[in-house]
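*Asks:* Okay, here's what each chain looks like letter by letter:
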Amino acid sequence: MISRWIVGIAFFLHASPNYRYIKKFAHNLLENTNYPYKKFFDYTMMVLIVISVYILVHHVKYEVKPDWLFFNNYVISVIFLIEYMLRLWVYSDNSKAIIEQYEHDLFLQRPFRVWGVLHRIMMTKMGFVFSPSAIIDLLAIMPFFHEMRLLRVFILFRVFKLFRYAKSLQQFVSILASKKFEFLTLGVFAGVIITVSSVLIYVMEANNPDSKINTLFEAVYWSVVTIFTVGYGDFVPATSEGRMVAMVIIVAGIAVISFATSIVVSAFTEKLDEIKEDKLIDDVSKFDQFYLICGYSPLTAQVAHRFIKNGNQVVILESNHKKVAEAQKDGLLALTFDPASLHSYHALRIDFETQVISVILLEESDVLNVYTALTIREMSKSIKMLSILLHHENRRKLSLAGINEIVYTQELIGLMSKEVSGRPVAFEVIHALRSENSGVFIEEIVLDDLMAGQFFDTTKLSMFHKRLIVLGVYKQSSQSFFFNPSNTLIIDAGDVVIVVGTRSLIDEFKALMRRKKRV
Amino acid sequence: MSYQSAIVFGFNEYAKQIAMQIAPEYLSFAIFVMTEAERSAAKAAGFEVALFDLGEDWKLIEERFDPESLIVFCALDKDAENVFLTISLRSIFEELPIIALAGDHESAAKMKSAGANKVMATQQITANIITEMLEKPTVTEVLHDILYEQSFLKIAQISVPENSFLVGKHLHDIDWGEEFDVLVLAIVDHQLSATFSFTSKGHHHHIDPEDILVVVGYEDSISALSEAMGVEKWAK
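If you read the protein sequences in the order shown, they are chains H and L. Counting along the first sequence from 1, when you hit position 419 you're at 419 in the working numbering, and nothing is skipped either side. Counting along the second sequence from 1, when you hit position 198 you're at 198 in the working numbering, and nothing is skipped either side.
Possibly wrong hints are sitting among the right ones.
Said to hold, decoys possible - The list that follows gives simulated cross-link-like pairs (lysine-lysine, DSSO-like), each with its CA atoms no further than 30 Å apart:
1) L:Lys136 / H:Lys397
2) H:Lys279 / H:Lys179
3) H:Lys39 / H:Lys24
4) H:Lys460 / L:Lys43
5) H:Lys329 / L:Lys169
6) L:Lys59 / H:Lys466
7) L:Lys43 / H:Lys384
8) L:Lys43 / H:Lys329
9) H:Lys276 / L:Lys169
10) L:Lys169 / H:Lys309
11) H:Lys322 / L:Lys136
12) H:Lys397 / H:Lys466
13) L:Lys43 / H:Lys397
14) L:Lys118 / H:Lys510
15) H:Lys279 / H:Lys212
16) H:Lys61 / H:Lys96
17) L:Lys110 / H:Lys418
18) L:Lys78 / H:Lys397
Stated by the list, open to error - Where chain H lies over chain L, by a calculated footprint (3+ residues, C-beta under 8 Å):
19) 3–16
20) 32–46
21) 50–63
22) 80–91
23) 174–187
24) 210–224
If you're looking for bench data, these hints aren't it; they were derived computationally from the structure. Note that the structure is predicted; figures quoted are calculated from it, not measured. Backbone N, C-alpha and C define an ideal beta-carbon position, used for all residues, glycine too.
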């Protein structure tokens, strides 16, 4: 009977969209570092912790208003308790575990073992309860029982809770945790030295009336203060034997300190690259819009610098460490990720629909570019992709892989050669316009409603007349280009104007077209 | 076209594309290669081929072509070879127009020093076209049509004849768009320098004989303008 109820509830919860939505929301808020609203939750909790500790410190010498004490003892504690319960809830999926066990038993045609699955669920939840961070959470709730005055000091555990909400603190702990073995060795070494020296100093000094070290606790205290090179001087050995022990322990103390320092330094050095890369990944996920270039070569550097010069952001993915280092030395944002692997994009948390303007495939092989294109197409069907083509026989393969624009430099050079031999000056003019190094630019301006309405009037202004060349208008409706347009042409929003002029003149032209007419 | 014959050095992908584009434009055309394998490949593609080495004294060229009406394209595999080839050709033919391919800026500068008249830096050209295609797609499309496709819109360079009505006028005296339905992008002022200047820069150019106008317009309009200028033929 109970098992039927349990299975029924499990199926109900598993199928309930509301329940799943709420649980997913709670999980995102508590555990998912990529969830955009998590940071607001984290900041709120941090503020509560700071308030709580401030009240504790203030209360030592001064009176605290009863409202604040109530807030501290009950409201904050209840919030922490709710948080603890939520964490326990989202830690594992009970309904799924029950259903799996039920279906497993059904398949094997044996009765559903409800106690077995409940035991398993309990053991899983215990994994959370006994985790260090959960223990700190629980202790931080303790001041709730404020009548037990000793427990008030547990409020300090709330400070440890900060580790949950501050990423840098988590990183610090994880770096030190990577040297667990070394710290253990150091601890054992220091422990042995402290034990031996404490016993020795106690034996040598305890019966000497001139010595202050009279108890074993004082001996241990003296050893700890000495081995860690603090040496308060409140307890000093009085006998020659005791001083001999002191000399040995002082030398050992230096070894302990230098060993500990070197462990911390080496842990940070080893993790430095990882920390830097994490920082870069974080930066990338915060970018609004950028061009994604796959593969690094001298061509990539040129393309990236041009985009950057025009005020765009560029992210380069390259699987070769050496090339990434080269790109970073060149001042570019490059990451060591395989551009042909789906895992890379998941790890980088790149949103193709909103963040990436276009993907540019510049690997030095058509095979790799096709492979990367197919990977990216799996992530996004609509993202615009451009690729270089190295061997013209592969053009169709690149198109089939979903690449929208293909640049075949060799063909371009062929066409340009014809141009350069036939019309060398005209070629130079176009090349100079395109390279944007001559001070004169060729620009396209997409017109909005206001600009479309004021286009012809603006071109007639004396500052533009004969200085700004309006090459033509590309009409979106008819998909055709109107060279040297006369004012009989109807200009609509969305049409594209191509102009040639200096940067300042083009900017002024755009600004004046956008300015509303004074009535 | 003032050149009657052309030579392309090398037979890699670049050279092949150059050859395919320019061969029909010249009365005589040949490919010069350094290896037997390249020779067979070029021959199989239907081109006239000759073998050469970098230590050549270029009798080979003098025997077969008139250097006065010859243009050469250096498209060997390595930049260093192209530089050497350029310098070697320049040492014999002082006036020969040499167009060379370079991988990057650095090699392009070396080829200029070696005496190439025009250097096409492939990396820079590719980078320019990639950024232009993504940031100014309409410009790319329109320029591509004007330059390379058989569209009615053309870009032309017209040399101002001695007795043209333009001589003595200022560039901005004429409303080119209104009167001739063409736009003048740039002018090469024969007296000032051999390089061009953009009309958009706003300088007051005094048109002299032998100045070159770079104009964009429909084929008919350009023909009408050149006729009015007294030019018999313009390069399409």
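*Asks:* Give a verdict on every hint.
*Replies:* Structure-based check of all given hints:
In summary, the hint linking Lys136 of chain L to Lys397 of chain H is supported, as the alpha carbons are separated by about 26 Å, within the 30 Å threshold. Taken as a hint, the Lys279 of chain H and Lys179 of chain H pair is honoured in the structure, with Cα atoms around 22 Å apart against an allowance of 30 Å. For the suggested pair Lys39 of chain H and Lys24 of chain H, the alpha carbons sit about 16 Å apart, so the restraint of at most 30 Å is met. With a CA separation close to 58 Å, the supplied pair Lys460 of chain H and Lys43 of chain L exceeds the 30 Å bound.
A hinted pair counts as satisfied when its Cα atoms are at most 30 Å apart, and Lys329 of chain H with Lys169 of chain L does not qualify at roughly 54 Å. A C-alpha spacing of about 52 Å is found between Lys59 of chain L and Lys466 of chain H, which places the hinted pair above 30 Å, so the restraint is violated. Distance check on the hinted pair: Lys43 of chain L and Lys384 of chain H sit about 40 Å apart at the alpha-carbon level, beyond 30 Å; violated. Among the hinted pairs, Lys43 of chain L with Lys329 of chain H is inconsistent with the structure: their alpha-carbon atoms are about 46 Å apart, more than 30 Å.
Note on Lys276 of chain H and Lys169 of chain L: the hinted pairing is violated, with a Cα-Cα distance of about 64 Å set against a maximum of 30 Å. Distance check on the hinted pair: Lys169 of chain L and Lys309 of chain H sit about 39 Å apart at the alpha-carbon level, beyond 30 Å; violated. For the given pair, Lys322 of chain H sits about 33 Å from Lys136 of chain L by alpha-carbon distance, which is inconsistent with the 30 Å threshold. Of the supplied pair hints, the one linking Lys397 of chain H and Lys466 of chain H is violated, its CA atoms being roughly 47 Å apart against a limit of 30 Å.
In summary, the hint linking Lys43 of chain L to Lys397 of chain H is supported, as the alpha carbons are separated by about 28 Å, within the 30 Å threshold. Taken as a hint, the Lys118 of chain L and Lys510 of chain H pair is broken in the structure, with Cα atoms around 36 Å apart against an allowance of 30 Å. Annotation: proposed proximity of Lys279 of chain H to Lys212 of chain H is violated, straight-line Cα distance about 54 Å (limit 30 Å). Distance hint between Lys61 of chain H and Lys96 of chain H is unfulfilled; the C-alpha atoms sit about 53 Å from each other, more than 30 Å.
With a CA separation close to 23 Å, the supplied pair Lys110 of chain L and Lys418 of chain H stays within the 30 Å bound. Distance restraint check for Lys78 of chain L and Lys397 of chain H: the Cα-Cα separation of roughly 28 Å lies within the 30 Å cut-off, and the hinted pair is therefore satisfied. Only when three residues or more bring their CB closer than 8 Å to a CB of chain H does the claim for the segment 3–16 of chain L stand; here the count is 5, and the claim holds. Chain H is given as covering the segment 32–46 of chain L, and this is violated because 0 residues of the stretch bring a CB closer than 8 Å to a CB of that chain, at least three being needed.
Residue count for the segment 50–63 of chain L with a Cβ under 8 Å from a Cβ of chain H: 0. That is fewer than the three needed, and the coverage hint is violated. Taking a C-beta to C-beta cut-off of 8 Å, the segment 80–91 of chain L contributes 0 residues in contact with chain H, too few for the three needed, and the coverage statement is violated. With a threshold of 8 Å between beta carbons, the proposed coverage of the segment 174–187 of chain L by chain H holds, since 7 of its residues qualify and at least three are required. Restraint check on the segment 210–224 of chain L versus chain H: 5 residues with Cβ-Cβ distances below 8 Å, three needed, restraint holds.
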